[in-house]
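The listed protein sequences derive, respectively, from chains A and L. Quick note on the working numbering: the first sequence kicks off at 3 and runs consecutively. Quick note on the working numbering: the second sequence kicks off at 18 and runs consecutively.
Wrong hints could be hidden among the right ones.
Distance condition first, Cα-Cα at most 30 Å in a straight line; then the derived DSS-like pairs of lysine-lysine [to be verified]: (1) A:Lys26 with A:Lys70; (2) L:Lys69 with L:Lys20; (3) L:Lys86 with L:Lys20; (4) L:Lys119 with A:Lys80; (5) A:Lys26 with L:Lys119; (6) L:Lys119 with L:Lys86; (7) L:Lys119 with A:Lys70; (8) A:Lys26 with A:Lys80; (9) L:Lys119 with L:Lys69.
None of these hints come from the bench; they were simulated from the model.
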Amino acid sequence: DAGVIQSPRHEVTEMGQEVTLRCKPISGHNSLFWYRQTMMRGLELLIYFNNNVPIDDSGMPEDRFSAKMPNASFSTLKIQPSEPRDSAVYFCASSLSGPSSYEQYFGPGTRLTVT
Amino acid sequence: DAKTTQPPSMDCAEGRAANLPCNHSTISGNEYVYWYRQIHSQGPQYIIHGLKNNETNEMASLIITEDRKSSTLILPHATLRDTAVYYCIVRVQGADGLTFGKGTHLIIQP
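Using the sequences and the hints, build the whole thing.
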């Protein structure tokens, strides 16, 4: 398996532009997570899905952020409009759900720079 | 999730055992101890987890005290590639997200 795939790996955009980050989870995994990492705040959970349904989006910083999972093999995280403080590394992770689930598999991340 | 306390940084000589401590004095009976690590510029990677018994896998060993208020991750023969930030996370087993603290930056010295 190729693992969790994220694209693009690097994104540089100007303030006010729309940014879309993409994630392909590991085949067969039914939970998907979006995290953000900054020097100031460390690694934070933004939102997670179970069976394509958003379960907890309490970590989404504000309405400018939205996430979708239209099917089991694809998810997007959109920022519109983007701001310089959104600059961070965004990680997607996937796992099997259920009481025996214990390991999340992380993608390589997307480094976003908003100028 | 119970709060964890880890030293911010540690050094270890290559080839030696690296012992990373974690305090989790408020852990609940149904919460597990998980360890993840993040090598520079990569996504976090699962290492090991346990409830109350000691655990060992191909990467590391996890020693949990009898009262479960603290644990130690052991890398038996550290290599330079083990230089990373190591996160101790306490949580109920399931499908919800992980709460990362600041972790311990382990530096393996040649």
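Hints, one by one, checked against the model:
| no. | hint | result |
| --- | --- | --- |
| 1 | A:Lys26 with A:Lys70 | 12 Å, holds |
| 2 | L:Lys69 with L:Lys20 | 17 Å, holds |
| 3 | L:Lys86 with L:Lys20 | 11 Å, holds |
| 4 | L:Lys119 with A:Lys80 | 27 Å, holds |
| 5 | A:Lys26 with L:Lys119 | 27 Å, holds |
| 6 | L:Lys119 with L:Lys86 | 19 Å, holds |
| 7 | L:Lys119 with A:Lys70 | 29 Å, holds |
| 8 | A:Lys26 with A:Lys80 | 15 Å, holds |
| 9 | L:Lys119 with L:Lys69 | 24 Å, holds |
When each numbered hint is compared with the structure, no violation occurs for any of them.
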